[in-house]
Amino acid sequence: MTQKFKIVVLAKQVPDTRNVGKNAMKEDGTVNRAALAAIFNPEDMNALEQALRLKDRFPGSEVLLLTMGPGRAAEVIREGYYRGADGGVLLTDRKFAGADTLATSYALSMAIKKMNPHIIIAGRQAIDGDTAQVGPQVAEKLNFPQVTYAEEIQGFEDGKLVVKRRLERGVETVKTTLPAVITVHATAPACRPRNAKQIMRYKHARTNSEALDNEHNSYLPVQTKEELIIPEWGVADVGGEEINYGLSGSPTKVKKIENIVFQAKESKKLTSSVEDIDYLITELIDSHTIG
Amino acid sequence: MNNIIVYIETEGGKVSDVSLELLTKGRMLAKKLSCKLEALLIGHKVESLVEELYLYGAEKVHLADDKKLEHYLTLPYSAITIELFKKEKPQIALFGATSIGRDLAPRVSSSLVSGLTADCTSLEIGDHKENKSGKEYKNLLYQIRPAFGGNIIATIINPDHRPQMATVREGVMKKEPLDTAVKGKVSKIDVSSALIDENFLVEIIERHIEERKIDIKGSPIIVSGGFGVGSKENFNLLYDLASALGAQVGASRAAVDAGFAEPARQVGQTGVTVRPKLYIAVGISGQIQHTAGMDQSAMIISINNDANAPIHQIADYAIVGDLNEIIPRMIKSYKQNSK
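Heads up: the sequence lines are chains A and B, in that order. Under this note's numbering, read the first sequence as residues 1 to 291, first letter to last. Under this note's numbering, read the second sequence as residues 1 to 339, first letter to last.
Keep in mind the hints are simulated off the structure, nothing from the lab. For every residue, glycine included, the Cβ atom is placed at its ideal position computed from N, Cα and C. Just so you know, not all the hints are guaranteed correct.
Far from chain A, some chain B residues (derived; all Cβ distances over 10 angstroms) [unchecked claim]:
id, residue
1, D65
2, K67
3, V191
Below, simulated BS3-like cross-link-like pairs (lysine-lysine); rule was C-alpha separation at most 30 angstroms, straight line [to be verified]:
id, chain 1, residue 1, chain 2, residue 2
4, A, K255, B, K14
5, B, K36, B, K217
6, B, K45, A, K253
7, B, K36, A, K253
8, B, K32, A, K255
9, A, K253, B, K89
10, B, K45, A, K256
11, B, K14, B, K129
12, B, K68, A, K253
13, A, K175, B, K45
14, B, K14, A, K256
Full structure from sequences and hints, please.
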């Protein structure tokens, strides 16, 4: 019998913080969120590609996306469909609001238990927080081994997955039993492009909430086909203890947020004197541009 | 009890710089909190390293030493750390934001249901008053870090959960040994319960050093050199500054053509386009071919001895002078002033 895997890819919709130009900040120094598009988190794309490659190598495998966020995050599932995924779940509930990485990991782990995959693949980190914590925390919640900083899933030998990891000063190849959580590094191959057939097939994939919305915005066709419904799961669907979700499940609290104000639109002329250099460095440190 | 524990990373039989930096920071925090600074050292044949930890102020070193712990593995290492934290109940635990620290710390924090803040750029002690309940907290760890691609600075606290955990990148904190080492002691950890088969589900097949591919695009700070840098040797100054700031080194086409830097570092029309938070242009005149690839940077500093170089026009800070003077002064000033 040939091996088939059920693979869950964790993906997050994030504001595109990479393309921060001068217009990303408003006059008052706050973040101009409108200038930042909502995108599929880049390293989650690398993760999706690793999952799709496994599916290519082990036909009959299934790649499902799992994303947590507001209703519009269903876009992540559609994007996954366009690139070759077989489906996905949107984890969405007001009770998730205010979740830090730990409460997020708890919610994801509860959904994963329900999906019961062999392999969970996620991007190493999301560009809006850069914490790299959700992968290992999901693994701990599920009591699965974790392989972080993966660059390539190389194969499957003797019931174990062979993974090449990219570390600061070298590479490491490890073997892990399954089920396991793999987090994928940005140096992994980029995701394949969208497939035209998949786009035609899935462009009308909708969550029920989106379909309901569409009834009021009738320029989009109302979703009908059963197989095009993107499931939405909340606390009631995945179970677990409410206290572990959202704000109450989050040990970390944000005490203060400071916006970085970019100043000095006019060139400031400095000399190479020690005083001038000290002035410059102190300015940069105070504005948190460096250090 | 309720002390500060720093997780010690080793590399090639030596204590990693990031761990010594954390000990230095931990020492200051411990002084403020009137508690003790301790270290956790896991590995094989690593006991000789404890002297260096004493020199950085660790009064107690929790030591887990075993052949099976020679290389870092998530499960046994996290089992040891979790067990120790349950027993010792540290109020603060610090880890390097390395591929090891960022693998280990979240696993540990998840198991202990403690808060964890990644990549802190500053750690301070302060109080907090909960607005709703009016409850007051004394001497919390302020975990300060950039978020949202560096566009905001957030101060994170863990009011009700211990340990308060944070990771910090290498080079962010200062490394400063004491004049004389503290009289420390070793506390050996019984590792038997961590060495069970269930903790060896992942095995290392191979590890080797491999040059990392150069990728300057993702770097929030870029120090870029042009033909005006003068030579490949002079480019080393740029690498020094980049290493101090945690930046990548870029180059103009003229510098690449002259063999001062690798083609992968080229910024501009025929190279990569970058939009970092900070772009430092050294010895770059500022031709369109170059500026097209970097003029969207959030902040630009130009260093050029020609006061009329066009690069000064688009810079937020324009320094006219000799890079051989300026760059060492910048490094020195940064090391003195950074927290």
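Against the structure, the hints come out as follows:
Its beta-carbon lying about 22 angstroms from the closest one in chain A, D65 of chain B satisfies the requirement of being farther than 10 angstroms from that chain. A cut-off of 10 angstroms between C-beta atoms confirms that K67 of chain B is not in contact with chain A; the least separation is 18 angstroms. No Cβ of chain A comes within 10 angstroms of the Cβ of V191 of chain B; the nearest lies about 19 angstroms off, and the non-interface call holds. A C-alpha spacing of about 37 angstroms is found between K255 of chain A and K14 of chain B, which places the hinted pair above 30 angstroms, so the restraint is violated.
Between the alpha carbons of K36 of chain B and K217 of chain B the distance comes to roughly 42 angstroms, so the proposed pair goes past 30 angstroms and is violated. As the CA atoms of K45 of chain B and K253 of chain A are separated by approximately 40 angstroms, the hinted pair breaks the 30 angstroms bound. Proximity of K36 of chain B to K253 of chain A is assessed by CA-CA distance (about 26 angstroms); at most 30 angstroms being required, the pair is judged to hold. The straight-line distance between the Cα atoms of K32 of chain B and K255 of chain A is roughly 20 angstroms, inside the 30 angstroms bound, and the hint therefore holds.
The hinted pair formed by K253 of chain A and K89 of chain B meets the criterion: a straight-line CA distance of about 21 angstroms does not exceed 30 angstroms. Restraint check for K45 of chain B and K256 of chain A: not satisfied, since their Cα atoms lie roughly 44 angstroms apart, outside the 30 angstroms limit. For the hint linking K14 of chain B to K129 of chain B, the alpha-carbon distance of about 42 angstroms lies beyond 30 angstroms, and the restraint is violated. Taken as a hint, the K68 of chain B and K253 of chain A pair is broken in the structure, with Cα atoms around 38 angstroms apart against an allowance of 30 angstroms.
The suggested pairing of K175 of chain A with K45 of chain B holds, with an alpha-carbon distance near 25 angstroms, which does not exceed 30 angstroms. Distance check on the hinted pair: K14 of chain B and K256 of chain A sit about 38 angstroms apart at the alpha-carbon level, beyond 30 angstroms; violated.
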